[in-house]
Structures are given as structure tokens and as C-alpha cells.
Amino acid sequence: MTGDLLRLALLGAQLGFLAIIYFVLFGFARALLRDLRGAERAQLVSQAGIGRLMVLESPEDEPPSGRPISLGPINSLGRNVNNTIFIEDDFASANHAMLTFRGRSWFIEDQGSTNGTYVNAHRIDRPVALSYGDELTIGRVRMRLER
Amino acid sequence: MHLTLAPRWRELRFLLPLFGLVPLGFAITHVAASGLFEPGALEVAVAYAALFLAAHAILVVSGHRGDQLLLPTVGILGAFGMVMLNRLPQDIAGMSAFGIELGMAQTQLLWFAIGLAAMLVVAVGLRDDGFLRHYKYTWAVAGALLLLFTFLFGREIYGARLWIYVGPIGIQPGEFIKIVLVVFIAGYLAETRSLLAGASLRIGPISLPPLPYLAPMLALFVAVMLIVVISRDLGTALLFFGIFLTMLFVATGRRIYVVFGMLLFVAGSWVAYELFSHVQRRVNAWIDPFADPTDTGYQTVQALYGLARGGLFGEGLGQGLLTTNGRPTIFAVETDFIFTAIAEELGVLGAMALLALALLLVFRGLRIAIGARDEFSALLAIGLTTSLGLQTLIIVGGNVKLIPLTGVTFPFVSYGGSSLLASFIVIGLLLSISHRSALNR
Amino acid sequence: MMAANIRRLSAYLVVGFAIVSLGLGYWAVIDAPTLAARADNPEVINARRSAPRGIIFDASGGVLASTTLTDGVAVRSYADPAFSHVIGYASLRYGTTGLEEAYDDILSGLSDPNPVSDMIDDLLDRPMEPSDLQLTIDRRLQDFAAQQLGASVGAIVALDPRTGAILASVSTPTYDASPLTGDSESSEGALDAISAQPNNPLVDRTRQGRYTPGSIMKVFTAAAALDSGVITPDTTYEEQPREETEGLVVDGFTITEHDLGVAPALWNLSPAMQVSSNIYFAHVGLDLGPERFLEYGERFGFCRGFTIGEGERALAVAPSYVTVSSPDGGCSPFNGDVDLASAAFGQAEVVVTPMQMARVAATIANGGVMPEPYVVGSVRSHSEDGAPGDIVLDRATPSAGRRVVGQSTAAQVRGVMVDAVEGELGRLYAGNGAVTLYGAIGSTAGKTGTAQRAEGEPHSWFIGFAPAQAGATPAIAVAVLLEGGGAGSVAAAPIGGAVMAQWLTLQAAR
Numbered sequence: 008m009t010g011d012l013l014r015l016a017l018l019g020a021q022l023g024f025l026a027i028i029y030f031v032l033f034g035f036a037r038a039l040l041r042d043l044r045g046a047e048r049a050q051l052v053s054q055a056g057i058g059r060l061m062v063l064e065s066p067e068d069e070p071p072s073g074r075p076i077s078l079g080p081i082n083s084l085g086r087n088v089n090n091t092i093f094i095e096d097d098f099a100s101a102n103h104a105m106l107t108f109r110g111r112s113w114f115i116e117d118q119g120s121t122n123g124t125y126v127n128a129h130r131i132d133r134p135v136a137l138s139y140g141d142e143l144t145i146g147r148v149r150m151r152l153e154r
Numbered sequence: 006m007h008l009t010l011a012p013r014w015r016e017l018r019f020l021l022p023l024f025g026l027v028p029l030g031f032a033i034t035h036v037a038a039s040g041l042f043e044p045g046a047l048e049v050a051v052a053y054a055a056l057f058l059a060a061h062a063i064l065v066v067s068g069h070r071g072d073q074l075l076l077p078t079v080g081i082l083g084a085f086g087m088v089m090l091n092r093l094p095q096d097i098a099g100m101s102a103f104g105i106e107l108g109m110a111q112t113q114l115l116w117f118a119i120g121l122a123a124m125l126v127v128a129v130g131l132r133d134d135g136f137l138r139h140y141k142y143t144w145a146v147a148g149a150l151l152l153l154f155t156f157l158f159g160r161e162i163y164g165a166r167l168w169i170y171v172g173p174i175g176i177q178p179g180e181f182i183k184i185v186l187v188v189f190i191a192g193y194l195a196e197t198r199s200l201l202a203g204a205s206l207r208i209g210p211i212s213l214p215p216l217p218y219l220a221p222m223l224a225l226f227v228a229v230m231l232i233v234v235i236s237r238d239l240g241t242a243l244l245f246f247g248i249f250l251t252m253l254f255v256a257t258g259r260r261i262y263v264v265f266g267m268l269l270f271v272a273g274s275w276v277a278y279e280l281f282s283h284v285q286r287r288v289n290a291w292i293d294p295f296a297d298p299t300d301t302g303y304q305t306v307q308a309l310y311g312l313a314r315g316g317l318f319g320e321g322l323g324q325g326l327l328t329t330n331g332r333p334t335i336f337a338v339e340t341d342f343i344f345t346a347i348a349e350e351l352g353v354l355g356a357m358a359l360l361a362l363a364l365l366l367v368f369r370g371l372r373i374a375i376g377a378r379d380e381f382s383a384l385l386a387i388g389l390t391t392s393l394g395l396q397t398l399i400i401v402g403g404n405v406k407l408i409p410l411t412g413v414t415f416p417f418v419s420y421g422g423s424s425l426l427a428s429f430i431v432i433g434l435l436l437s438i439s440h441r442s443a444l445n446r
Numbered sequence: 101m102m103a104a105n106i107r108r109l110s111a112y113l114v115v116g117f118a119i120v121s122l123g124l125g126y127w128a129v130i131d132a133p134t135l136a137a138r139a140d141n142p143e144v145i146n147a148r149r150s151a152p153r154g155i156i157f158d159a160s161g162g163v164l165a166s167t168t169l170t171d172g173v174a175v176r177s178y179a180d181p182a183f184s185h186v187i188g189y190a191s192l193r194y195g196t197t198g199l200e201e202a203y204d205d206i207l208s209g210l211s212d213p214n215p216v217s218d219m220i221d222d223l224l225d226r227p228m229e230p231s232d233l234q235l236t237i238d239r240r241l242q243d244f245a246a247q248q249l250g251a252s253v254g255a256i257v258a259l260d261p262r263t264g265a266i267l268a269s270v271s272t273p274t275y276d277a278s279p280l281t282g283d284s285e286s287s288e289g290a291l292d293a294i295s296a297q298p299n300n301p302l303v304d305r306t307r308q309g310r311y312t313p314g315s316i317m318k319v320f321t322a323a324a325a326l327d328s329g330v331i332t333p334d335t336t337y338e339e340q341p342r343e344e345t346e347g348l349v350v351d352g353f354t355i356t357e358h359d360l361g362v363a364p365a366l367w368n369l370s371p372a373m374q375v376s377s378n379i380y381f382a383h384v385g386l387d388l389g390p391e392r393f394l395e396y397g398e399r400f401g402f403c404r405g406f407t408i409g410e411g412e413r414a415l416a417v418a419p420s421y422v423t424v425s426s427p428d429g430g431c432s433p434f435n436g437d438v439d440l441a442s443a444a445f446g447q448a449e450v451v452v453t454p455m456q457m458a459r460v461a462a463t464i465a466n467g468g469v470m471p472e473p474y475v476v477g478s479v480r481s482h483s484e485d486g487a488p489g490d491i492v493l494d495r496a497t498p499s500a501g502r503r504v505v506g507q508s509t510a511a512q513v514r515g516v517m518v519d520a521v522e523g524e525l526g527r528l529y530a531g532n533g534a535v536t537l538y539g540a541i542g543s544t545a546g547k548t549g550t551a552q553r554a555e556g557e558p559h560s561w562f563i564g565f566a567p568a569q570a571g572a573t574p575a576i577a578v579a580v581l582l583e584g585g586g587a588g589s590v591a592a593a594p595i596g597g598a599v600m601a602q603w604l605t606l607q608a609a610r
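For the record, the sequence lines run as chains A, B and C. First residue of the first sequence: 8, per this note's numbering; consecutive thereafter. First residue of the second sequence: 6, per this note's numbering; consecutive thereafter. First residue of the third sequence: 101, per this note's numbering; consecutive thereafter.
Hints are all accurate, no fakes.
Here are the computed distance ranges between Cβ atoms for each label pair:
hint: 1; chain 1: A; residue 1: 141; chain 2: B; residue 2: 14; range: 32 to 38 Å
hint: 2; chain 1: B; residue 1: 378; chain 2: A; residue 2: 67; range: 34 to 40 Å
hint: 3; chain 1: B; residue 1: 14; chain 2: A; residue 2: 119; range: 34 to 40 Å
hint: 4; chain 1: B; residue 1: 63; chain 2: A; residue 2: 36; range: 24 to 30 Å
What the hints contain is simulated information worked out from the structure, not anything from laboratory work. Since the structure is predicted, the reported quantities are computational estimates derived from the model, not experimental observations. We treat Cβ as the ideally placed atom computed from N, Cα and C, and that holds for glycine.
One chain only, chain A, in its complex shape:
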């Protein structure tokens, strides 16, 4: 009878052993799936394009007004021609601002420009997260962030 008891205990312990393994295994699988779904969503976003800037007003017509500029994840804006987005405006600095897509949202950061960067007509003094539809002003050029 003690033999049976021992065997019963062993059987139970072994079930416990397997249970731990399967518990961890399902944890792994769930984490992996969640991860994959996240990656897919990120990819969907990137395929759809992360966004564009609609030029609302541009006195020198560079960038041309009324036309959209498609955006990469990192965009520099300024009067220097080496910028991703070249802004020919006397009130813009050479390296005026950085517009970046991090994680799931856009950020704008002034690069120490003379006349400042405005978001929805507010001058910014640190990196600011943007939403689609926000208006960005650099010099005399007004642009709107669109999806």
C-alpha cells in the first residue's frame, strides 16, 4: 500500500512538473503572439505611410503651397538645402526643427532657431508630441500634419 502511495505521489509530482512546463510554454506562446500582432500593426502603419505635411501657406512657394510633402520617420526642416524638407523663407533658420516619428506618435523639436517653431500658434520650447491635424509654423510657412 505504501508502494501505491509512493507511486501516486510520483504521478502527482510529475503532473505538476508537466503543468509548470506547459504553463510557461503557454506564457511564451502568448507573449510571442502578442509581439507578432504588435509587429504586424506597426507594419500596417508603415505600409499605409506614417504621415504627410500639407503646405497651407508658403510665400516663396518652396515648399510649394497647397501640395503635400510625404514624410519619413526622421525629417529635418530648415533653410539649408541639405534638410529633408527645404524651406526657402527668410524667417526660417538653416537648421530649424526636427520632425520625428517615434513609436506611434510624431514629435517636433526646435533646433535652436532664431524665430522659433510654432505648434497651433504656440511657440514650443521643448520636444512636443503632435497629433494629426496639428498646425506647424516655421517662419512664414504654415503646414498641417496629416495622416
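Please arrange chains B and C on chain A, whose structure you already have, making use of the hints.
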């Protein structure tokens, strides 16, 4: 250097069960063997789990942002191995050096420590992969020479010269050359990928791969394969070939390479079968082991009996594995047949969990490849992951008689220092790649 | 683009893992029973070498097979060579046969007859505990039957027609199975020594021997014709008396009568059976027609093999045929009327096993319902003291049987078979009264057969059952065969009568 603390909660959460799992496994086998209600010695089990926790702590302290599922997956895979190795007779293998005698499980634990340390060095130390990709030819040639050296001057065990001895410690260079080979192929393909994928030689209607672009890589690869085949290490040959074709396929997306490669492999296998008697023996023992169940087919037949004894639910930890004269009837149970041993004691239920874990590790590696910041890293991750996945498939396939049995190890599960160390370096590289892509984000 | 390739690669790897999992499942689950039973499996070898093995008892509790441990090696000994063909042997060197093979898992304790406790044993990894078998065969009748055969080559099967329980199953010559067991080394050459003896003692003639039945087949022909309404007990054939001397011409081939020993007359079924008229039964067969003959043949269990016992725990009986066997294992259609007419009196292509003919006799005895033969009466817990254990783990439940012909048909055939033994004419053909040795207890039904062969003496046959007087329930049905034994009435019939009388006497004494 970022020395900012980065919590790795997910990793920690999945590592903690090790403290329950491994001691429980040790206790079950002890009770089964002794018939007494007592847990037996658990130092090795606890030490094993503690090693992983320590590795986790170091990753946290160093601010590592690499993948958090790799280490726990490896930990559970290794737990299967440690529990099995601990319940086998400890004098099957082991180490005796500097006046210290270590049993099989203790030796394996030591190698886990060394492996984890190596993993950490690679994961934390390798912040830039430049020296890997820029000196790829140097690496490859050095690797090939090491292989050649082993073939010429190594120690012969079971008819194959695969070992170099440094004092009391035997090392299988083949395990490490695997990594070197992957680095080389990844570096080469990252440079020439667009050429290989696009261009082709056209001869009438047939479009051939642009052979000139492939030539340097092929030359080196063929050299390595030749040495491996001549040193009778057929499992490694199959593994190298599989890694090569997989990386080529992922880089170019052209199935024709794979088909062509497989045809080449079949032809090569046939030639090997015709030329080498030991290949013929292996193949015959594979096709019908029951024709000679006491001699050439013995190993395979005994392993199949083990699987049959296990069935769905297993004989129970510590309650399976027949022995004759104190030795398991399944030969090389601690290395080649560790999967069979686990399937016998834990049944299909346990063995499937083991396979699922191995597959998850592969998925994780591929996920890292997808997220890698550049093509070299992606190809490196592919090659390394494939090396683990294919190696598992080759040894398990051999265990269940789908392919002839070869002497490759089950990564993290089989007994063996070189294999463990090399596998941990692979994990270190994967961690490093995922760390860099996480920083990039 | 590379991401898509990686996704494809992961799909390939999943397929790879799925394939090895299937491989694992194949060996661990699907092929596992085959592997576990292989003789070179160390588990089997270890278990065999030293494991206790269940005892086999006869119906009255005598030990027939038992195992003793000497120096860690289990040695099996067999008490009675008369049982060798039923029990077979369990040998480390030569494997297992007979009931030892069919019940190997139970005798060795690899499985428990009770599925629930079997599962519990398996889950808890309990050590194996062998179980014992008790046969339906009474050693006294078995030995008596073996004595009756003596040095002749032949077979006797006795069934309880009500249940199908085998009461005796003897095949001669037999062999002593004990030298085959024990250590693999010590038993070397033992099997060769047995098979080198004349008339191959290893063959179980009751199940594997196939012989031309001759006139005992007329019992079948009569039952088929009566049941299908082709004849009545009063049916006569006008031309039959003439043909008894001149022969019956079928398709240009003349069927001649054997030496009747009496003057031919216009006979109906009973006298035709008593004198065993081939001409009469040739007519019956032709009237029955080939399709119906085959249909009834199949109903009576000809044309396919069967087993003693059910499922895997069974002894196989070779198929009996009424025509040439077809490639698919059944009976092919009749070649023509000559074959049909000859089959009706048990010649031509008809070949039968003694076990099959015992079943036929038992069917008539059992009112037209064919019982299913079985030989293991019960599985019992392992006995330590040499007497059958009290705990019955599994008891054979006789099947209800299968109706083959109507009850009235069976009664008519039974009457005719009683006449064939005890009637005016019949006595001449049934050992001149030798069958009814126990006369005081009741009467006997039976039929002799003298199966002509291309060369050599004919096979001597008898099938019958008793008691067979009106109102009695037959308790034993027999089939007796003597290879080259000559006329059925001379050799087989007296033995059949003696065996039945012996059984009824043993039963009455109880």
C-alpha cells in the same frame, strides 16, 4: 556604454518557474530511484536556476534591452536536460581536472555557467558588429584552418576526428565553426544580396544564378563541407548545408537555389553512400534496423523501444530507461538520444512540450531577424536561429528514425560543453542584435 | 521582401517540427504495441527471463502449465503433452505459440483483464502481476481422447453444443513442450528435435489440418436442402435405385456408388443417410444448385477462417472450403455440376478442419444455432498454492451463437443422424453399434465418413453428438479424424462413441 538600469520583468517572470521546475524534477527522480519520501540533493538544481537568475540580473544592470524570451526558453530547455542528466548514472560522462571529480550533471552545470558567461560577454560586450562583418574572410579562413587542424591532429572518437584536447577539456571546433560560417555567409550575402536576387545569367530560356558573384562564398563553403564530410561528421555536414541554403533563400527569395542545393545534396549523399562504408552502415541501420537488431541496428532499435515504452504519458520521470549492467540500454542516451530518453519518461506529452519550446526559440530568433536594423544583422539572426532549429530537427529526426541518426546534439538539452558554449554564444549574438534594434527604435 | 521570406521560412520550420512530431507519435503510440511485443525488446527479454507467469488450469482445477524460478530464470513446465497444441509454449528461445501467445499479456501480467485496473496499474507503474487461466477442457476427457487415438495420426474435437466450450481438442502425434522452455542456451535444438520426428508433431491438426471430409459432409447437404425446402425427409429419386448400380451421369462424367453392402432400393433421406448413398446425395446437391450450396456453406462457416475466442486473445482456425479457394480467401464458384454433385457427398474440392466439422455437428445438436467455440473459461488472480484462485478477473460469456438453419430442419437432420447410428441399416455403417457404448444413458446421433484420397488409405471420419433421443439436450458434439485410418465405421466411429460415452459418464458421476 549605457549603464542605466532597464527592468526586464517579462524575463524575470518566466525565469522564476525554474526554481520550482528543476528541483521538482530532481526530487521526483530521487524518490523514484530510492523509494523514499525525501527530495534528495537539490544543490545542482537550485544552482542551475540561480545561474539563470544571475545572468538576468547582469542583463538588467547593464541596461540591456535585448529580447526577454530567449533566456527563459533556453532555461526551460536546459531544465529538461539537467533533470535527465542528473537521473542517469553519473559516471557515464564527466570531468576530472585539477584533482576535482565532477559527475555528469555537475559538469553540465559548470558548462552552463561558462556558457551563460560567454553569452553575457557577447550580448553586453558586442555593441557594434563591425568587426564581425568587416573581417568576415579572416574569420572564415581561420575557422576553416581550425577545422583542418582538428581533422589532422584531433583525437579520434567513434571513428571521427572531431575533438581537440586542451589539457583535460575536449573541445569540438565544429560547433564554433558553425557560428563563424554563419557570420561569413551573412556578411557576404548582405553585400551581394541585391545582385544575387536580381541578376541572372541567361542561356536561352534558362535563367541561371549569377555564378561569378557566388563563387567566393561557394569556394569557401565547399572547402568547409569537404573537411566536414571527410572527417565523417555527417550530421554537421547536413546542418551546414541546411544553414547555407536557408540563408541563401531568405536573402534572395529564390527557391531555385534551394531546389538546386537539395539536388546537389542528394547527389552528394549518394556519392558518400557509395564511397564510405560507415555511411552505408548508418543508412542500412536506418532503413531496416530490425534486420540486425543486436549489432548495427542495436542503437536505433533500443531507442525505438524507448519511445514505445514511453507512449503518450511516459513511464514517469526516473522510472523509465531500462538498464543492463547499470548502463541504459539506449546507447549515447546523454547526447544523441536525450530526446528519446525524455520521450520515454515524460511521454509524447512531455516531448511535445520540448519540441514546442525549441520551436518557440526559433520563432523568437526569426522575430529578431525581422526587427533587425540592417540586413547583415537580419541574415546573422536567420543563420544563427536556423542553426539551432535545424540541429534540433536533425537530431530529433534521427531519434524518431525519419532520417539516419547523426551525432549532432540537441541544443541546450544534450550533454556536452562545446555544444552548450556554442549555443550560448548564438543566444548572446541574438540578444545583441535585438538590443541594437531596440535602441534604434 | 526579406520579411516575407522569413515568414515563409518559419512556415517551413513549423512543417519540419510537425513532421518529427508525427514521427514521434508513430513510434510512441501507433507502432508501440508492436514494438513492445517484439521478442528482442529488452523489456520483454527481462520480463520473460525472470518474471513469474500465470498458471494454466484445466476445467477441474489441475495444473497444466506452471512456472518455477530457478537461479533467477523462470522455467515453464507443462504437465500434459495432450494439451501441447492448445496451450503451445512460452520459450525464451523460440517465442510463444498457442494460448501462451494469445494470452501472453495476461499470463505475463503486462495487462489486466479489467480495463479500469489496467489503466490504474499503468498510471501508477505498478509491478506486473500475472494472472492465471482456467480452460474449458477437462484433463480427464482430453487424456481419454488422446489414449483413444494412441499412435494413430489424427485429431479429436469435442464441443459443448450449448455454449461452444471446447471439451477436448487433441491432435496426434503430440510433443512435450517443457524442453523448449527455460534458459535460451539449455533449450537449444529442442524444437528441431521435435520437428524432425515423423508426421510433424508441431501441427495442430484440429485447427490447421485440412482434409477431404467424405460422407460426414452429407449432414451439411441434408441440412441445407431441408432448410431451403428443396427436399423433405420423404423425397425420393426414381432413377436412384438404377443409378446405384449403373452410375449417375453428370455432364458426361459418371458418378459411381461406393460398395453399399446392401441391395439398392428406392430410398428417402433416412435410409439414404444410413447406407450413405452417394447417388442420393448427388441428386440432392444438384437440386440444391451451386448458389444455394455456397450460400449454406458460408452460413455454416465454410469458406473463411474463424477463431477460438475473440479479438487478439484467440486461436486461429484455418478456413474450410466447399470449392477451390478463391484468391480473396473465400470459396470460388463451382466449376460445374460434377463438382457440385461430388461436393454434396464430401468429395471433389471440399476440404475441412476437424474443428469446423465439430462446429457443424454442434449446430445440429444445438437446434440449428452454431455456437462460437472458446477454450479459456476464466481468467483468475494468480494462485500461490497450485489451486485455482478464488478471484475471477474475467469469465468467458458464451455468445448466443448464430442461427444457421431452422429448428425443425435441425430436428429432422438430428433424427436422420440418430438413424445413421442406430437404424437397421445405419448400425452397419456406424461400427455396428460401437458408437452407442453407453446405450443405457441414451442414444447417439452421428455420421461416419470415409474420405477417398488420390493415393493411400482413405481418411476415417466421424461426427456426432449425444444424448440425442427425443427430449434430450445434447451435451457433447465430436469430430474424429484419423489420417489414412480407413473406413469411418471401423476406426473413427468407435472412438467418437467412446469419447462421448466417457464424457457423459464423467458428467453423470459428478
